[in-house]
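Visitor: All chains should be built: construct the whole structure from the sequences, respecting the hints.
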Amino acid sequence: MEPNKRTLWGWRPHLDVPLLLGLLAISGLGLVVLYSAGQRNLDLVLGQGMRLGLGFTIMLVLAQMPPHYFRAWSLWIYLVGLLLLLAVMVVGDVSKGAQRWLDLGVVRFQPSEIMKLAVPMTMAWFFADKPLPPRWPHLLGGSLLTVIPFILIAEQPDLGTALVVGSSGAFVLFLAGLSWLIMGLLAGVLAAVIPLFWTFVMHDYQRQRVLTFLDPENDPLGTGYHIIQSKIAIGSGGIYGKGWLNGTQSHLDFLPEGWTDFIFAAFSEEFGLVGGSVLLMLYFYVIARSLHMATRAADTYGRLLAGSLTLIFFLYAFVNSGMVSGLLPVVGLPLPLFSYGGTSLVTIMAGFGILMSIYSHRQPLTR
Amino acid sequence: MNLWLPFAKKSVQERLIREKDNTAESALFFRRAMVMLFLVFLSLLAVAGRLVYLQVLNHERFTTLSESNRVRLQPLLPTRGFIFDRNGVLLADNLASYHLEIVREQVQDLEATLSALRARIALSDADVERFRKLARRSPPYTGVPLRFRLTDDEIARLAIDLYRFPGVEIKADLTRRYPLGARGVHVLGYVGRIDENELRRLDPGQYSGSTHMGKTGVERSYEDVLRGRTGWQQVETNAEGRPIRVLSRTPPTPGQHVYLSIDMRLQAVAEKALEGYNGAIVALDPRNGEILALASQPTYDPNPFVNGIDFASYRVLNTSKDRPLLNRALRGVYPPGSTIKPLMALAGLDYGVVNRYSGVFCPGFYRLPGSNHRFRDWKRGGHGSVGMDRAIAQSCDVYFYDLALRLGIDRIYEFFSRFSFGQPTGIDLPGEKGGLLPSQEWKRRNHKYGWFAGDTLSAGIGQGYFLATPLQLAHSVGVIAQHGIAFKPRVLLATEDPGTRVRTPEPPRALSPIVTKNPRFWDTVIAGMIQVVEGGTAHRIGIGAKYRIAGKTGTAQVFTLGQNEKYNASRLARHLLDHALFVAFAPVEEPRIAVAVIAEHGGGGSSTAAPLARKVMDAWLLNKYDAPPAAESSSTASVPAHGTE
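Quick note, the sequences are listed as chains X and E, same order. Following this note's numbering, the numbering of the first sequence begins with 1 at its first residue and continues without gaps. Following this note's numbering, the numbering of the second sequence begins with 1001 at its first residue and continues without gaps.
Where hints are given, some of them may not hold.
[Claimed, not checked] When the alpha-carbon atoms are kept at most 16 Å apart in a straight line, the in silico EDC-like pairs for lysine to aspartate or glutamate are as follows:
1. 1133(E) to 43(X)
2. 1215(E) to 1111(E)
3. 1488(E) to 1432(E)
4. 1133(E) to 1161(E)
5. 1215(E) to 1428(E)
6. 242(X) to 1067(E)
7. 242(X) to 1060(E)
8. 1546(E) to 1590(E)
9. 1546(E) to 1618(E)
Quick caveat, the hints were computed from the structure, so don't treat them as lab data.
Guide: Structure, rendered in structure tokens:
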């Protein structure tokens, strides 16, 4: 395919049709499930449709920009995001015990959302002109770019977003060719730090979540309730599911808020193992296609950024489906393109926009 | 691998970067990406495996669990506490009421059902509209309310053939009721439906299932006490989700009963005395800050607000020129006028600017040095030579112009701040205003010009920028009565556990006392206030009093006269008439009540406001009420909106 070939209209939009089809398939299925899981509330479906429209628009707009723009902006976006994070600490709105929002009068705004894009962008920018695999001093400098926002977000506290931001940086390091030896060392350090983290950093409700995850029956009316009900919903779906609009768990309110973080359970209840497998395959298709696009990028910046963005998308899908099926702890990450809800959807679509831009703006390699 | 690269010479670095091998890096990336793709595959496979484990291997178990999944948590709403006055007269309770609900899932033809219901009970278009709006937002198997407050008659008519309409149900709930109607509404406030803004602020656990909350008055400020705590019950339901059996329950904790310091008999006297005026009367016990009566006219009936007042009635209340919804006692700000003169005198004594015997000659006007502008005295011919006692008794403006100038605005500001002027007194009712105590700094910030000497003169007689609420006036005069010992005003007397009926009295909240250089200064000022009633501007209310009163009249200008104009009440429109004010406490020897009266456009403080204060003090001190205490009103089913007195 010649990305820059002129068409009859003299202009050809930069986008990747196979990826677009995959994304449309997932979001379309999501809307169908949302109608049922949201208890046939049309307002919910319309609202989500509007958000998806906004997300796809942002994706298509970003895809038209040449990637060197993103590269030039990386550090600035990062610095602005960091300032906003500090602002949240000082003047942020407290909502449900966590300080995450910045009230701009018209909209309430979550600066940590910016960092989900800014951290991989800046990490890719930092390593793009360094020799790879990265050397020790670069490694330390680059890690700071991830660790500082990670700590600020974890302090809010927003464990889910901190996980995404931290992983996005780690993905860049891994894709940049971080040596296996160092990774082994880091794993060792991590194993030593986790007990300290548990004792001094984690909040009670976060510890409770992990404990409940290990033994949900422990607290069947409190935090464990979600997981138990979610497992019942999935398990009772069987191979073929109970059928669209026939799920009892979500419709009888046993599955609280079955249209946001736990929509995968509502989906699996109604569409069974068949539906669940199809959805997982769709996610795998989107991830594989995106990774393929990343390997075809023109330069190291594009490769690292595209790869990291893809793996964040994977992280969302895996953590959410793992949490809902009782494989992983309850971390508040939505199922991307599926769960009802706004901000993270827009961020994810912006990520795909950057990915498409990187892929479709390749210059033929000249050495 | 050169670990020391960043510390190498710049030229070496550049060479290395130039040597970055794109092909090698691309190949490295490809390898790493393939590793990740493999990990992605494994992870998603793990989830798929988990699905197989749940949906195939354990399908039977979870199906059984799902079918027997009939345990749901339901909130149990607490009963809201009652409100009583200090004598136990019931002011607010809960009444069983009924509303009509429709579960759409069980209705075959909704339109037919609606028109059939319309033939039996009154259903307005607004009712149907609201029903359709709510129905769009709720699942079809839940009940959606169609009509509130069904009458006994309507219930009887519906009950006959309700069986013919599956899905139509009559539901019972508790509605807040204010048996005395408008009486005391500005203290009580009311509860109303929770709106969407409030919903976002409220604790979702505590308010789940709740529809109402306190909106104003005591209902608002003691919401937490009155409301109680929500309980929960585990209910077993059938396959459709309908409750069959209660498995376990954490009962709700009912709200506490609240006893107010208000005496409804005195409240009635105060409100009736004010009838015909817009204004406020605040009576409090200076010995502990208990509010005895807090009247604001006009009033309104809170009962229609409980289930949502209809739009037309609300517009009448809200747009009325007399603004009945405004609590004038707390939120009405007025120029305090001459009522502040005793405090001015006290400030003069405390700062040593004047003494009791220093005199001023009053020719009927005052001229600032080097100016031709005449600041006039209310008495055209002047008071002649006046000392402090006579200046207070006769309310001589010239004396206080002179005193204000000697004190200067900074010291006036400092002294009056101690009496809660310019800031809320902190009463336990929502929405209190702080009025305005002008200072140089305030004027610099809010006006084009800085502070003028003329501003000081106006402030010295409670005019100009000076604004105060009736509550602030009552509070300050109470502090004078107590020689500086001050309490935070409050309406809560006690709370009572509804089960055990154990009362917990609310202790008085003492403020830091106001200390003057010489404690006798208080007596000096009070002596002047006694003369106000005994031969001074309010001598008419002193006649025949069975106890001694110390007071001060006030007349607040609503508009400014031209330099040579003469105030002539008979020629002015009502809305331009002066506000009439009076503050007092009694008995002088052992003060038990402090009163502030404001009658908007009432004319003169001595002619209009002072007699109203006398009525309130007579009632309280001599037990002179129009009717016996209305304690039996709690048992009557319906009480007319304006009480029984």
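Visitor: If a hint holds in the structure, say so; if it doesn't, say that too.
Guide: Against the structure, the hints come out as follows:
1. 1133(E) to 43(X): holds, 12 Å
2. 1215(E) to 1111(E): It is violated: about 36 Å lies between the C-alpha atoms, which goes past 16 Å.
3. 1488(E) to 1432(E): holds, 13 Å
4. 1133(E) to 1161(E): Since the Cα atoms of residue 1133(E) and residue 1161(E) sit roughly 27 Å apart, the hinted pair is violated (cutoff 16 Å).
5. 1215(E) to 1428(E): This hinted pair holds, its Cα atoms lying about 14 Å apart.
6. 242(X) to 1067(E): With a Cα-Cα distance of about 12 Å, the restraint between residue 242(X) and residue 1067(E) holds, given a limit of 16 Å.
7. 242(X) to 1060(E): Roughly 14 Å separates the two Cα atoms, so the pair holds.
8. 1546(E) to 1590(E): holds, 14 Å
9. 1546(E) to 1618(E): Since the Cα atoms of residue 1546(E) and residue 1618(E) sit roughly 9 Å apart, the hinted pair holds (cutoff 16 Å).
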